[in-house]
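*Asks:* First residue of the sequence shown: 1, per our numbering; consecutive thereafter.
No lab work stands behind these hints, which were simulated from the structure alone. Glycine included, C-beta positions come from ideal geometry on N, C-alpha and C. Check the hints yourself; a few may be wrong.
Straight-line Cα separation of at most 16 Å, EDC-like style, residue types lysine to aspartate or glutamate; simulated pairs [said to hold, decoys possible]:
1. K60 - E5
2. K6 - E112
3. K196 - D231
4. K44 - D67
5. K44 - E32
6. K182 - E232
7. K196 - E232
8. K70 - E112
9. K245 - E112
10. K70 - D43
Across the chosen pairs, the derived CB separations fall in these ranges [what the hints assert, rightly or not]:
11. K6 - P131: 22 to 32 Å
12. V136 - A224: 22 to 32 Å
13. Y175 - Q79: 41 to 51 Å
14. A264 - K44: 39 to 49 Å
15. S270 - E72: 41 to 51 Å
16. A76 - E253: 18 to 28 Å
17. S270 - E172: 20 to 30 Å
18. Q179 - D229: 28 to 38 Å
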Amino acid sequence: MTEEEKVFSGGVAVITGAGAGIGMGLARRCGEIGMTVVVTDIDKGRADKVAAEIVAAGGKAEAIQLDVSKPEALDALAQDVFDRHGAVRLLINNAGIETIGNVWEIPAARWEATLNINIHGVVHGVRAFVPHMLRVGQEAWIANLASIGSFGQMPTQTAYIMSKHAIQSFSECLYLEMQVAKAPINVCSIIPGMLKTSIFDAEAGVGEPESAASHRATMAHMMANYGMDLDEGSRVFVEGLAARKFWISSQPEMTEQAVAGRIAFFQNQSNPELGEQQRALLGI
Numbered sequence: 001m002t003e004e005e006k007v008f009s010g011g012v013a014v015i016t017g018a019g020a021g022i023g024m025g026l027a028r029r030c031g032e033i034g035m036t037v038v039v040t041d042i043d044k045g046r047a048d049k050v051a052a053e054i055v056a057a058g059g060k061a062e063a064i065q066l067d068v069s070k071p072e073a074l075d076a077l078a079q080d081v082f083d084r085h086g087a088v089r090l091l092i093n094n095a096g097i098e099t100i101g102n103v104w105e106i107p108a109a110r111w112e113a114t115l116n117i118n119i120h121g122v123v124h125g126v127r128a129f130v131p132h133m134l135r136v137g138q139e140a141w142i143a144n145l146a147s148i149g150s151f152g153q154m155p156t157q158t159a160y161i162m163s164k165h166a167i168q169s170f171s172e173c174l175y176l177e178m179q180v181a182k183a184p185i186n187v188c189s190i191i192p193g194m195l196k197t198s199i200f201d202a203e204a205g206v207g208e209p210e211s212a213a214s215h216r217a218t219m220a221h222m223m224a225n226y227g228m229d230l231d232e233g234s235r236v237f238v239e240g241l242a243a244r245k246f247w248i249s250s251q252p253e254m255t256e257q258a259v260a261g262r263i264a265f266f267q268n269q270s271n272p273e274l275g276e277q278q279r280a281l282l283g284i
């Protein structure tokens with residue numbers, strides 16, 4: 001029996017945005033180690049498909065349609081899952097979208113969607129589930145999806161980068177709040193470097209300015225050719241959760257490099273500037 005199975009087998013995992021991408025990979029891995037997986041996604045068809053795959057592989061799963069941009073939907077989900085299952089051992093606030101374009105060119109609706117999904121979805125996921133976790137009193141885990149972008153700068157990806165900076169700081173403060181409250185809840189920051197997912201696919205850019213298409217295509221090509229295998233990344237993430245780590249990186253060397261760059265930026269108090277890789281991505 002693996003350490004992940006010892007820690008999580010028999011427990012319930014609730015994962016947002018689990019119909020595709022990293023959420024899907026995490027859902028499959030949680031199913032493999034013996035968890036009952038609540039697969040949530042705004043697209044019920046995608047959630048159904050992932051849940052069916054987990055069941056077909058011998059696991060336990062159920063699919064629920066969920067729009068994380070609506071706080072009341074997260075409240076209802078938490079109440080429903082605790083009413084039916086009694087406890088949640090692992091909550092993964094994964095749902096998120098990538099938005100590309102200059103700040104002034106992104107339509108208001110796309111800005112609002114990005115902030116409501118990427119930031120408020122995590123905040124209200126925690127707000128909705130924690131009171132139930134505290135009431136049950138068992139050891140539990142909350143994992144929030146940050147990003148290698150939580151420690152950097154990237155023009156035309158400002159909306160996404162900003163949201164991930166926010167999630168990293170939110171998770172750090174939440175970790176300390178759990179310590180102060182002496183709560184049996186582990187808080188973890190999941191930091192993907194570059195994994196093979198569909199986040200940069202063309203259809204995911206609906207509502208972005210037309211100028212975003214070329215950058216989205218470049219990023220999709222880069223991810224497909226150089227990204228880490230999704231299942232391998234998900235295995236690394238769940239392994240880190242079982243070890244009760246706060247920092248859980250798919251590619252630690254990428255995180256170390258990004259953090260080192262951020263530290264130097266703060267220490268030098270220099271002006272933001274483009275690196276060679278950023279210039280290449282932007283075609284400069």
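*Asks:* Can the restraint linking K70 and D43 be considered satisfied, given a maximum Cα separation of 16 Å?
*Replies:* holds (15 Å)
*Asks:* For the pair we were handed, K245 and E112, check the Cα-Cα distance against 16 Å.
*Replies:* Violated, at about 32 Å.
*Asks:* Is 18 to 28 Å a correct range for the gap between the Cβ atoms of A76 and E253?
*Replies:* violated (41 Å)
*Asks:* Could you see if the CB distance from V136 to A224 stays within 22 to 32 Å?
*Replies:* This hint is violated: roughly 42 Å between Cβ atoms.
*Asks:* When you check the alpha-carbon spacing of K44 and E32, does it fall within 16 Å?
*Replies:* violated (22 Å)
*Asks:* Given a hint of 39 to 49 Å, does the C-beta separation of A264 and K44 actually sit inside it?
*Replies:* holds (46 Å)
*Asks:* Next pair to validate is K44 with D67; report whether the Cα-Cα distance is within 16 Å.
*Replies:* It holds: about 10 Å lies between the C-alpha atoms, which stays within 16 Å.
*Asks:* Within 22 to 32 Å or not, the Cβ separation of K6 and P131?
*Replies:* holds (28 Å)
*Asks:* Has the hinted range 41 to 51 Å been met by the Cβ atoms of S270 and E72?
*Replies:* Holds, since S270 and E72 (Cβ atoms, about 44 Å apart) stay within the stated range.
*Asks:* For K6 and E112, compute the direct alpha-carbon distance and say whether it is at most 16 Å.
*Replies:* violated (41 Å)
*Asks:* Next pair to validate is K182 with E232; report whether the Cα-Cα distance is within 16 Å.
*Replies:* Violated: K182 and E232 sit about 33 Å apart, past 16 Å.
*Asks:* Hinted pair, alpha-carbon criterion (16 Å max): K60, E5. Please report holds or violated.
*Replies:* holds (14 Å)
When held up to the earlier numbered hints, the structure conflicts with 2, 5, 6, 9, 12, 13 and 16 and fits the remainder.
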